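The lines below spell out each chain.
Protein chains: 2
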Amino acid sequence: MSLIIIGSVAFDAIETPFGKTDKIVGGAATYASLAASYFYDQIKIVGVVGDDFLQSNIKVLNDHGIDTEGLQIKQGEKSFFWSGRYHNDMNSRDTLVTELNVLGDFDPIIPENYQDCEYLMLGNLTPKVQQTVIGRLKNRPKLIVLDTMNFWMDIALEDLLETLKMVDVLTINDAEARQLSGEYSLVKAARKILTMGPRYLIIKKGEHGALLFDEQQIFSAPALPLAEVFDPTGAGDTFAGGFIGYLAKVGTINFNNMKNALIYGSALASFCVEKFGTEKIVNLTKEEIDNRVREFVSLSSFTI
Amino acid sequence: MSLIIIGSVAFDAIETPFGKTDKIVGGAATYASLAASYFYDQIKIVGVVGDDFLQSNIKVLNDHGIDTEGLQIKQGEKSFFWSGRYHNDMNSRDTLVTELNVLGDFDPIIPENYQDCEYLMLGNLTPKVQQTVIGRLKNRPKLIVLDTMNFWMDIALEDLLETLKMVDVLTINDAEARQLSGEYSLVKAARKILTMGPRYLIIKKGEHGALLFDEQQIFSAPALPLAEVFDPTGAGDTFAGGFIGYLAKVGTINFNNMKNALIYGSALASFCVEKFGTEKIVNLTKEEIDNRVREFVSLSSFTI
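Protein chains in written order, with UniProt numbering: chain A, 1 to 304; chain B, 1 to 304.
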């Protein structure tokens, strides 16, 4: 049994008030699979890169036990590249460059040994490509988590609504929940979205934490207040990866396990922002993660 | 022993997307004392109104066991009046009218029987007036909570900094914490503010809950996600009143009791926004409050 993570594997160049990077490895599937690897050891990536993506870059993933057989390498082409500059408050950013490159006509390949997929994380991509992946799995996974963004609501809403019908969990941010539902109240937004397909909705609120909804219950996960946010890139993907990785580890899907998965996802995301790119999450110890989760417990526990 | 609450007692006229009111009773001390009255029965108000403030308006406070001997009634003058219109998202509002009236030269009187003050809530007012109240108490209260706002940071920062040295707890919102400290990170902002006088800082984040800081610890209280926010007026004052009322009831000041006080304050505030003005918080039962607090427990509890 395995956890398949599909999404971009890419290069980023990032500027923050604290400094700037050259091209470094990024992409939703990179962040999510690294995060998930701390919980589960049968992780398989589906993605595409150009021949500028080095064997040493792939080795980093393999060293985390991540299977990259589904990562296509297109000779003579270039990897997806994004460059952005964060403002002083780190909550807003300007995209400087987006080069789709190999991602422009990405046709995901599911290797035969990926057909044991039990957990599927559909990272932010064209909804059509996300659908294609579900269609190419012979058996419907036990849990499908979909990440998407406002961009697809703007230009591919019909496709997105079709994809939504096929998944169990949707992760979006608060503005996107409002856009998708047409409701300002997140409670009303969640009620509407939960009629569109997903059984669970996660609304990510950045520095304000995240909300988990099912039809009956709501859980509010805090974000760890941080003295320094060094680079927010990939925090959402890291959160999603930690979330599904934890669920794959515990193996039972229910609201209580989802709550814990949110906390583990948030803990991983809180590491992610401490350094540029994947620098921090590529090298965590179990002890660091356990300590961080204890900080979340202390942050939000009270006894009435 | 008593809890003194000083602040505006006023009339408001409120417009929201759900409707509008005529002049209704409002004011920081009104909301805070009503909220506190559900926890503690020795509450005394210090404030000033004009002769337009009716005996029936005062009776509402007295019926909650609130002592109004310190509420001056200025004959021939008018009560403070504020009118505002909320936008569709309820997070922003336009002030339409502010008439200071009796509040313009408010000189707080502390009746002799108020000198047993153990808990003092300084509602949002000129920092000089807040200082005056502290100065007129013969014994320093066990706990002084100060509420203030960006307006005083803009026009009376020196006075505010003086007042800050005299208090134990400061409640402000996140933008105000950033303004007061010059730090964007709320962790850094809190560290700075905790050197200015208060031992505890509460950062109110509206629909995102509230953070409590002391020198060592952080607690994150969630806000209850609500389907309808009918009228946000007074929610912050209601929160502060519930907070200090709960602490007065338990009688011991420590971080754990403060955490619970935040939850009770948040619960009261979640009622406040359900109807116009004080309509909802004037008439709560213990059972309603207990049930609401249980919703907060369920909202934020997890077992890792």
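Bear in mind the hints are in silico, worked out from the structure with no lab data behind them.
Some clues are possibly wrong.
You can't tell identical chains apart in this list, so a pair holds if it fits in one copy or across any two.
Unchecked claim - Below, simulated DSSO-like cross-link-like pairs (lysine-lysine); rule was C-alpha separation at most 30 Å, straight line:
{"hint": "1", "residue 1": "192", "residue 2": "286"}
{"hint": "2", "residue 1": "20", "residue 2": "142"}
{"hint": "3", "residue 1": "20", "residue 2": "74"}
{"hint": "4", "residue 1": "280", "residue 2": "192"}
{"hint": "5", "residue 1": "165", "residue 2": "275"}
{"hint": "6", "residue 1": "20", "residue 2": "78"}
{"hint": "7", "residue 1": "192", "residue 2": "275"}
{"hint": "8", "residue 1": "188", "residue 2": "275"}
{"hint": "9", "residue 1": "249", "residue 2": "259"}
{"hint": "10", "residue 1": "20", "residue 2": "192"}
{"hint": "11", "residue 1": "192", "residue 2": "74"}
{"hint": "12", "residue 1": "142", "residue 2": "23"}
{"hint": "13", "residue 1": "205", "residue 2": "74"}
{"hint": "14", "residue 1": "205", "residue 2": "192"}
{"hint": "15", "residue 1": "188", "residue 2": "20"}
{"hint": "16", "residue 1": "286", "residue 2": "188"}
{"hint": "17", "residue 1": "128", "residue 2": "142"}
Since the model is a prediction, treat every value here as computed from it, not as a measurement.
Of all the hints given earlier, name the ones this structure violates by number, lowest first. Hints 1, 2, 5, 11, 12, 13 not satisfied by this model.
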